[in-house]
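*Asks:* Sequence:
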Amino acid sequence: MPMERTGFTTAANGFRFANAFTTTLVQPQGVQVPGVPGLGVTTPPLMLHGLCGGMSFAALDYYFSGIPVPSHEASDYVTPPGVPAQGSRLHTLIYQRHLDSLNLGPSLQQVLGGDPYNLTTYAELLLTPEVLRPVTFGARLAAEVAYVIASVRAGQPVPLGLVAAGGLASATQCHQVVATGFDDVSATTTNIFVYDNRYPGREAILVVTPGAASCSLEVPGRAAEPWVVFFVEHYAAVTPGYLDFELAQGLTVSPVQPASSRRFKAEMVVVNSGEASAHGLALRLVVEPSSAGGQSVSIPADVLGTVPPGQAIVFDHEVEFPGAMAGAQVTVRPSTTFRTPSGAVVDRLVPARQPGTRDLVQVEVPREV
26 MPMERTGFTT AANGFRFANA FTTTLVQPQG VQVPGVPGLG VTTPPLMLHG LCGGMSFAAL
86 DYYFSGIPVP SHEASDYVTP PGVPAQGSRL HTLIYQRHLD SLNLGPSLQQ VLGGDPYNLT
146 TYAELLLTPE VLRPVTFGAR LAAEVAYVIA SVRAGQPVPL GLVAAGGLAS ATQCHQVVAT
206 GFDDVSATTT NIFVYDNRYP GREAILVVTP GAASCSLEVP GRAAEPWVVF FVEHYAAVTP
266 GYLDFELAQG LTVSPVQPAS SRRFKAEMVV VNSGEASAHG LALRLVVEPS SAGGQSVSIP
326 ADVLGTVPPG QAIVFDHEVE FPGAMAGAQV TVRPSTTFRT PSGAVVDRLV PARQPGTRDL
386 VQVEVPREV
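Position 220 (the sequence shown) corresponds to 245 in my numbering; numbering is contiguous.
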């Protein structure tokens, strides 16, 4: 079978910082020693290292909601280094989605009443006796690969749970990623393309050979990482409440005299509503023909660079639509652009949070006379 992919790519849809979170679940507590006045001990904090499920689920949420994932980079975060601080809006979003991925309550001590599939499947696979694993996991890998293939063909990226060796004691060593495509490299082996939130901008490959009960994760420049088995997790999309670039004043596009001209005046205000700097090459307009098969074009505009939190960019330009679009109905959308690690320039449509704020305009491009 040929290689197939969804629209989700690590470069465009993954977070730009690595999963280097350390989250304090329970603060250190002072405890009085019974029967010994004045003598106490301090219990250590309960820590959670990494939020792989939260980053995977949140990246999928942004993708399915049609909202660009925030453009914040590791260098934007100083304390703690590389990631949003505990208590910040973006950390709270990712942390909550991490708990959702395991159907757990805020303290990790309460299993909620929703779908327990992910949590119970981890337990089931971790507790599988070593003697049964070659046959059991081989069959499981074949079934899960088939599920991934069906999902990709339906255009649906899906979260995967990677199970570590070592039984229940290795539960915290398990990992969560996003499957974005596949390639049947032979009759016995399938490569699954994944977004691994530990490596921003670098596509990873899960190499699966069910007949050998073999499953390993490969990232360019790193040694292959073995896993005993994986499974497709249950996932339900939610709309993320955190944005960086968004429209503060909706897009308007009005004709410039004479009315027969292909020149129009476009206006909007874009603001960085995030808690850290936002990044982009340019703020521009993407023009999409309404006719099937028409090619979208981009109209260059303002250079962006690094935009501090709260800063607004006023866009006020006359633009000229290409002659090939004369007489056509087109849709105009605002976009920021960024450069992927491979050097490609990618458009990220700018969303509107507030009801009534227009993030697209339909225009009839005149035929010049």
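Do not take every clue at face value.
[Said to hold, decoys possible] Derived Cβ-Cβ restraints for the label pairs, each shown as a range: (1) Pro280 with Glu243: 30 to 40 Å; (2) Ser211 with Thr382: 24 to 34 Å; (3) Gly191 with Gly246: 45 to 55 Å; (4) Ala196 with Pro334: 15 to 25 Å.
[Unchecked claim] In silico EDC-like links for lysine to aspartate or glutamate, alpha-carbon gap of 16 Å or less: (5) Lys290 with Glu250; (6) Lys290 with Glu343; (7) Lys290 with Glu243; (8) Lys290 with Glu389; (9) Lys290 with Asp209.
Just so you know, these hints were derived from the structure itself, not from any lab. Glycine residues also receive a C-beta, built at the ideal position from the N, C-alpha and C atoms.
*Asks:* Each hint should be assessed against the structure and marked as holding or not.
*Replies:* Verification of the hints:
no.: 1; hint: Pro280 with Glu243: 30 to 40 Å; verdict: 54 Å, violated
no.: 2; hint: Ser211 with Thr382: 24 to 34 Å; verdict: 51 Å, violated
no.: 3; hint: Gly191 with Gly246: 45 to 55 Å; verdict: 26 Å, violated
no.: 4; hint: Ala196 with Pro334: 15 to 25 Å; verdict: 37 Å, violated
no.: 5; hint: Lys290 with Glu250; verdict: 54 Å, violated
no.: 6; hint: Lys290 with Glu343; verdict: 4 Å, holds
no.: 7; hint: Lys290 with Glu243; verdict: 49 Å, violated
no.: 8; hint: Lys290 with Glu389; verdict: 14 Å, holds
no.: 9; hint: Lys290 with Asp209; verdict: 50 Å, violated
When held up to the earlier numbered hints, the structure conflicts with 1, 2, 3, 4, 5, 7, 9 and fits the remainder.
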